[in-house]
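> Each chain, letter by letter, is given below.
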Amino acid sequence: MKEFLVSLLQNEILVYSIMALVPLVWVIPFALFAVWWERKISAHMQDRLGPMRTGGWHGWSQTIADILKLIQKEDIIPTAADKKLFMLAPYVVFTGSYAAYAAIPFSAAYVGSEINIGLFYIIAISSLVVIGLLMAGWASNNKWSLFGAMRSAAQVISYEIPVALALLAVVMVAGTFDLHQINQAQEGGILHWYIFRNPFLLPAFVIYFVASLAETNRTPFDIPEAESELVGGYHTEYGGMRFAILFLSEYANMFAVSSIAATLFFGGWTSPFGEALSGPWWGLFWFLGKGMAFIFVQMWLRWTLPRLRVDQLMYVGWKVLIPFAFVVVLGVGFWVMVIG
Amino acid sequence: MQETMTSPAGVPGFGRALKTEEMVLNMGPQHPSTHGVLRLEVVVDGEIVVDVVPHIGYLHRCFEKHCEHMTNYQQVIPYADRMDYVAAMSNELGYVVAAERMLKIKVPERVEYIRVIMAEFSRIVSHLIAIGTYGMDIGAFTPFLYCMRDRERVLDIFEQTCGARLLYNYMWIGGLSHDVSPDFADKVKSFCKYFRPTIKELNDLLSYNKIFIRRTANVGVLPREVALNYAVSGPVLRGSGVKWDLRKNDSYSVYDKLDFEIPIGAGKKGTVGDCWDRYMVRIHEMEQSVNIIEQAVDKLPTGDVQAALPKRIRPDAGETYARTETPKGELGYYIVSDGSATPFRIKVKSPCFVNLSALPAISRGAMIADLVAILGSIDIVLGEVDR
Chain G
1 MKEFLVSLLQ
11 NEILVYSIMA
21 LVPLVWVIPF
31 ALFAVWWERK
41 ISAHMQDRLG
51 PMRTGGWHGW
61 SQTIADILKL
71 IQKEDIIPTA
81 ADKKLFMLAP
91 YVVFTGSYAA
101 YAAIPFSAAY
111 VGSEINIGLF
121 YIIAISSLVV
131 IGLLMAGWAS
141 NNKWSLFGAM
151 RSAAQVISYE
161 IPVALALLAV
171 VMVAGTFDLH
181 QINQAQEGGI
191 LHWYIFRNPF
201 LLPAFVIYFV
211 ASLAETNRTP
221 FDIPEAESEL
231 VGGYHTEYGG
241 MRFAILFLSE
251 YANMFAVSSI
261 AATLFFGGWT
271 SPFGEALSGP
281 WWGLFWFLGK
291 GMAFIFVQMW
301 LRWTLPRLRV
311 DQLMYVGWKV
321 LIPFAFVVVL
331 GVGFWVMVIG
Chain W
1 MQETMTSPAG
11 VPGFGRALKT
21 EEMVLNMGPQ
31 HPSTHGVLRL
41 EVVVDGEIVV
51 DVVPHIGYLH
61 RCFEKHCEHM
71 TNYQQVIPYA
81 DRMDYVAAMS
91 NELGYVVAAE
101 RMLKIKVPER
111 VEYIRVIMAE
121 FSRIVSHLIA
131 IGTYGMDIGA
141 FTPFLYCMRD
151 RERVLDIFEQ
161 TCGARLLYNY
171 MWIGGLSHDV
181 SPDFADKVKS
191 FCKYFRPTIK
201 ELNDLLSYNK
211 IFIRRTANVG
221 VLPREVALNY
231 AVSGPVLRGS
241 GVKWDLRKND
251 SYSVYDKLDF
261 EIPIGAGKKG
271 TVGDCWDRYM
281 VRIHEMEQSV
291 NIIEQAVDKL
301 PTGDVQAALP
311 KRIRPDAGET
321 YARTETPKGE
331 LGYYIVSDGS
341 ATPFRIKVKS
351 PCFVNLSALP
361 AISRGAMIAD
371 LVAILGSIDI
381 VLGEVDR
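As you go down the protein sequences, you meet chains G and W in turn.
Residue numbers for the first sequence follow our numbering, beginning at 1 and rising by one.
Residue numbers for the second sequence follow our numbering, beginning at 1 and rising by one.
Hints were generated in silico from the structure; no laboratory data involved.
Check before you lean on any hint, since a few could be wrong.
In the SDA-like style, the derived pairs of lysine to any residue whose C-alpha atoms are separated by at most 20 Å in a straight line are [stated by the list, open to error]:
#	chain 1	residue 1	chain 2	residue 2
1	G	Lys-84	G	Gln-312
2	G	Lys-69	G	Pro-29
3	G	Lys-143	W	Leu-25
4	G	Lys-143	W	Val-53
5	W	Lys-269	G	Gln-312
6	G	Lys-143	W	Glu-21
7	W	Lys-193	W	Asp-298
Make the full structure from the sequences, and use the hints.
Okay, structure coming up:
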């Protein structure tokens, strides 16, 4: 796609700027839809209806109205806050979660930047999120925010290890960090997906999914913003546009981790029926569909499970997920060596 | 508890102690988990709670002083409603039992049975809210709405009976404001039939959830001796394994004619007296309340719902103390009469106030998340703590 645009526009910098904005075409409508969808899912799980009025059909435009409201709100910065950090933090968080989209292959025909260390890049760049959260929590000068920031720093850093190990298992099978190549290796129908190809990749997927819930601060690991303990966690003091951006990046992050799960374990843009229903547009459909399925599971868990305590969260991370992840890595290595 | 950490040799600043200090955190009065306008002054060392001081009084409405300025004894009842506003029927029952004991009148049997049914319904409503909000404190949002859904059904029965859904003014001295409607018994029975399976649903969703157990078992353990020393009552006391329920131990109304059990905490998932035990006592009490309601409806005699009373209620000079078992615990009314038509003094012994006093003792050393769990398991209503 890049080559095509370069030949069309004859200006590489312009092309890169356009390419950088392409994921926004998906991320913003996705976030608007996902917030509405989450409300609807939670409502139906809880014997309610959820938004029903705004826009007519099942309140479809509720989140658009919410965003418009948030944009119009007065921009409040607490007097005691560190003004510069406070203003910067939401953008750092958003950058961290948005930058990951550069390496995610949306379809056989489109990947923002075809770098050969794509997976490595995603792991590295999503760590930027935690710096933004720490900035937000510290700059707010609020004890609850600080608690939330500290918790999320500890949590995200701890859970990056099992995530990295689980992803390493896939890399060992695929022999590459390039997400596009990992995808191509899984072409040819549902049985070629990595999750069904190697018995150790199923536990790797479970470890990855559980740890990614913690990385995106979703229940049962939502302790950084545990509303019943920490009021709002790191975003307690945020309102209006800045809050909207924090919210947007949370949903962007949710989709980023879901799409990595889809790409690495469930074939990404490949069709489950082999050659049938494949092609660039079908590829996009399969990729987004798989991503949304994981989003649904995340929401399902959120509205079912209670929340863990900080020390229990650390226990799950260090004493359950990491040892199992090591076992999985060893097992995958053994399997690749013996069976191939 | 000031900790000092020394840096290892060779590091700049070696020898100078790194000083950490405790932080004072104000939890409330605006906080999602203080269940009303309660302020907890929490001294924390990181995430560990070193000390808690509850500050109350944000919802003080001079209930007791107001009662001295009524024109008659009946007018106290709407105020009694507003103490523990999630279980208003139980508050009314306590007051009318005290006033009737003072007047030495006996109310018709039918009135007693209807009162028991209403009081047990209000126990179910109160426990549903306690359980639902407790799930929310732990992070599970969905059980709360399930509880609210069931609560609505009870409130519908209340509404049909006396027109109000929250604050009823239903139990009057010497009787009731209205008789129940003709299809009351059917509605009550159909509710009981509906409600038993939903308790099981709640157990599957929340009570036996592994994360929930991990968050509540062995947390906030209130040992038997400490519970007795603090004079806590209700599910908090029974959760610590003390079989004490005024409905049996100091029976009033017609509870002695009904068959039910007193559930106590047994430490099934952890230690006796932990948060899970207190929570589970409430679940079992709801089951027992359904039993009581079913029996009472079957035994419901016919007759009048108002005893013959003098036009102006003037008890003889003297004093009375009557205590009843509300969902929160032992609610006592101490009434002093000087022979006039208004009470000279009314003092309420509030179970929530007493139970809250045990909070600092059981939350020292816990984590902030545990503090929320412990406070929720005590189940206070600030309207009653502050009165």
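> A separate judgement is required for each hint: does it hold in the structure or not?
So, going through the hints one by one against the coordinates:
no.	hint	result
1	G:Lys-84 to G:Gln-312	35 Å, violated
2	G:Lys-69 to G:Pro-29	17 Å, holds
3	G:Lys-143 to W:Leu-25	7 Å, holds
4	G:Lys-143 to W:Val-53	18 Å, holds
5	W:Lys-269 to G:Gln-312	17 Å, holds
6	G:Lys-143 to W:Glu-21	14 Å, holds
7	W:Lys-193 to W:Asp-298	14 Å, holds
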